[in-house]
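K.L.:
Protein chains in written order, with this note's numbering: chain A, 2 to 115; chain B, 2 to 115; chain C, 13 to 155; chain D, 13 to 155.
A portion of the hints provided could be inaccurate.
Unchecked claim - Straight line, CA to CA, 20 Å or less: simulated SDA-like cross-link-like pairs of lysine to any residue:
| no. | chain 1 | residue 1 | chain 2 | residue 2 |
| --- | --- | --- | --- | --- |
| 1 | B | K96 | D | P110 |
| 2 | B | K31 | D | N112 |
| 3 | A | K96 | A | L115 |
| 4 | B | K96 | B | E109 |
| 5 | D | K115 | B | V12 |
| 6 | B | K96 | D | A111 |
| 7 | C | K75 | C | P97 |
| 8 | A | K96 | C | A105 |
| 9 | D | K115 | B | L27 |
| 10 | D | K75 | C | A111 |
| 11 | D | K136 | D | G98 |
| 12 | B | K73 | B | T24 |
| 13 | B | K35 | B | L84 |
| 14 | D | K75 | D | K87 |
| 15 | C | K115 | A | F114 |
| 16 | A | K44 | A | T24 |
| 17 | B | K30 | B | E109 |
| 18 | A | K73 | A | R103 |
| 19 | C | K70 | D | Q16 |
| 20 | D | K115 | B | A40 |
| 21 | D | K87 | D | K136 |
| 22 | A | K73 | A | A112 |
| 23 | C | K87 | D | L73 |
| 24 | A | K96 | C | A111 |
| 25 | D | K66 | D | R101 |
| 26 | C | K75 | A | T24 |
| 27 | D | K70 | B | T24 |
| 28 | D | K87 | D | E48 |
| 29 | A | K73 | A | T24 |
| 30 | A | K73 | C | S117 |
| 31 | D | K66 | B | G63 |
| 32 | B | K30 | D | T148 |
| 33 | B | K96 | D | I82 |
| 34 | C | K75 | D | I82 |
| 35 | C | K115 | A | A67 |
| 36 | B | K96 | B | K35 |
| 37 | B | K96 | D | K87 |
| 38 | C | K146 | C | E134 |
| 39 | A | K96 | A | A112 |
| 40 | B | K73 | D | S117 |
Because the hints were derived from the structure by calculation, they are not lab data.
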Amino acid sequence: MQVNIRHKGSVTILDIEGKIIGTDTLALKKVIDKQLETAPEGKLNLILNMARVQMMDSSGLGILVASYSTIKRNEGRIVLLNLGGNIRSLIVMAKLVTIFDRYDTEAEAIASFL
Amino acid sequence: MQVNIRHKGSVTILDIEGKIIGTDTLALKKVIDKQLETAPEGKLNLILNMARVQMMDSSGLGILVASYSTIKRNEGRIVLLNLGGNIRSLIVMAKLVTIFDRYDTEAEAIASFL
Amino acid sequence: MGEQVITLSLPSSMQHVSLLDVVITEILREMNFAEELQMQVNLAVIEAGTNAIKHGNKEDLGKRADFQFILSEEKLTIIIQDQGPGFTREDVADPLDPANLLKSSGRGIFLMEECMDSVDFEAKGTIIKMVKYKETPDPEEIR
Amino acid sequence: MGEQVITLSLPSSMQHVSLLDVVITEILREMNFAEELQMQVNLAVIEAGTNAIKHGNKEDLGKRADFQFILSEEKLTIIIQDQGPGFTREDVADPLDPANLLKSSGRGIFLMEECMDSVDFEAKGTIIKMVKYKETPDPEEIR
Ligand SMILES: Nc1ncnc2c1ncn2[C@@H]1O[C@H](COP(=O)(O)OP(=O)(O)O)[C@@H](O)[C@H]1O
Ligand SMILES: Nc1ncnc2c1ncn2[C@@H]1O[C@H](COP(=O)(O)OP(=O)(O)O)[C@@H](O)[C@H]1O
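One chain only, chain A, in its complex shape:
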């Protein structure tokens, strides 16, 4: 897994690539925690761009859920961009579709924070 970090105005975008399995989970958690720490008043507007994620395991999904809760508690928001079929199925299986806002274009995802 590789993560590229971008900032657009008050929104942070993580472009994730590869498989989120094994030790990647912890690595992803660290990236998100770091963004949380540096967010103004801890309020993080986060887009996870999943376009190039081929696969994610239950630990990866766990990080998403944990981040959802932490970020929400600080009045921020986490949204998912460009979910491929595999990740979409995973989220559907885990009955988490209603939890995560999903967008198909970066413009829409960013607009959702305005």
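Starting from the structure of chain A, add chains B, C and D with the ligands where the hints point.
P.N.:
Frame of chain A, contents of chains B, C and D with the ligands only:
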């Protein structure tokens, strides 16, 4: 390994991609044999485009050497295009640099047959 | 092709999960599984391997996670074994229970069972046997 | 990290050479070998594996090719074992001899020896032990 076959005038170009190991050797031999069969009077002008070959084992190299001999016997020629460092080292180690004509552009390789 | 058995044995480090991933990915490719099924088996194997290493062997490098891949014409059977104390499947909470939906863990076994045609726990759960058919079989025919 | 042993066991089919390839590729990546060295070890393992399957076990699916990868901080040791009759290293012709240059085979063992820091043949050549250091070692220090 994947092989794409192109014809330019009287020259046949094989664009090879991936690793030439294990069962790929036999597959590559079959492709070359087929081109030999259909060449006019068995005279084959063959360019192996190795640009996207990451690795080749001794059996792959064996096919190159065997093809060199067969093609030459029928008054054709086999040349190598775009050798990467790995394949170049292999050919150097096996002391076969003097056997194979090598080119860095397709235009030069094709011109060598005129 | 008859049955072919491939075995892989790993020291219990999460570092090696990627190795397990490339092995199962290549076996599925070699067997020509449909792409959608490949992803399901891949996920189930990663979940079972992670559990063996993390929960079973507690990432003790002296303990091993063993994998047996049994390839046949119509199906892939995977047997995963750890050297831990085992556990009881029935004690694991349902991750789809509304009370558990926002928990950050507890979905691995559920996903294994969703993704494979069968999942059996043996030797107190230290051995897991999972089967996936290349074509979804007629439910009548599985036993 | 101390020593970590990963084992892989394959039925003797050339089909499985790609699996061996992804395994050694991933181990080398995990160990952070320099790219040039990765290619050398990768090639040596493919050559040894191919020989075990083809020459040793004669592609008999009932016979196994066994691989042990011993990972340590400074080097990777690979032990390859087949269930064939063995052979004598000294009987293998030199592929660099001008008389052999245009032969279509006979370069495997030569390449293994070129690519690894050491290659030892044991049990009549049915066991091959190869070592590659992450940094090219001082010749004095190898034994
Ligand atoms: N191989 C195992 N050995 C011991 N306990 C296990 C094993 N696999 C699973 N468990 C237990 O079952 C629980 C649920 O596992 P799982 O559904 O994979 O979710 P998670 O791994 O996220 O906890 C684990 O937390 C653990 O207590
Ligand atoms: N594991 C093995 N078991 C039996 N014979 C072997 C084994 N490995 C190599 N040999 C013998 O050594 C010869 C040379 O092997 P090698 O240098 O790899 O070249 P090639 O495989 O192209 O013949 C083989 O042809 C075979 O006769």
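K.L.:
Determine for every hint whether it applies to the structure shown.
P.N.:
Hints, verified against the model:
no. : hint            : in the structure
1   : B:K96 x D:P110  : 9 Å, holds
2   : B:K31 x D:N112  : 24 Å, violated
3   : A:K96 x A:L115  : 28 Å, violated
4   : B:K96 x B:E109  : 24 Å, violated
5   : D:K115 x B:V12  : 26 Å, violated
6   : B:K96 x D:A111  : 12 Å, holds
7   : C:K75 x C:P97   : 12 Å, holds
8   : A:K96 x C:A105  : 15 Å, holds
9   : D:K115 x B:L27  : 16 Å, holds
10  : D:K75 x C:A111  : 52 Å, violated
11  : D:K136 x D:G98  : 5 Å, holds
12  : B:K73 x B:T24   : 25 Å, violated
13  : B:K35 x B:L84   : 23 Å, violated
14  : D:K75 x D:K87   : 29 Å, violated
15  : C:K115 x A:F114 : 25 Å, violated
16  : A:K44 x A:T24   : 27 Å, violated
17  : B:K30 x B:E109  : 25 Å, violated
18  : A:K73 x A:R103  : 16 Å, holds
19  : C:K70 x D:Q16   : 16 Å, holds
20  : D:K115 x B:A40  : 24 Å, violated
21  : D:K87 x D:K136  : 25 Å, violated
22  : A:K73 x A:A112  : 18 Å, holds
23  : C:K87 x D:L73   : 18 Å, holds
24  : A:K96 x C:A111  : 12 Å, holds
25  : D:K66 x D:R101  : 16 Å, holds
26  : C:K75 x A:T24   : 19 Å, holds
27  : D:K70 x B:T24   : 15 Å, holds
28  : D:K87 x D:E48   : 15 Å, holds
29  : A:K73 x A:T24   : 25 Å, violated
30  : A:K73 x C:S117  : 18 Å, holds
31  : D:K66 x B:G63   : 15 Å, holds
32  : B:K30 x D:T148  : 36 Å, violated
33  : B:K96 x D:I82   : 32 Å, violated
34  : C:K75 x D:I82   : 15 Å, holds
35  : C:K115 x A:A67  : 7 Å, holds
36  : B:K96 x B:K35   : 28 Å, violated
37  : B:K96 x D:K87   : 29 Å, violated
38  : C:K146 x C:E134 : 24 Å, violated
39  : A:K96 x A:A112  : 26 Å, violated
40  : B:K73 x D:S117  : 19 Å, holds
The structure fails to meet hints 2, 3, 4, 5, 10, 12, 13, 14, 15, 16, 17, 20, 21, 29, 32, 33, 36, 37, 38 and 39 from the earlier list, while all remaining hints are met.
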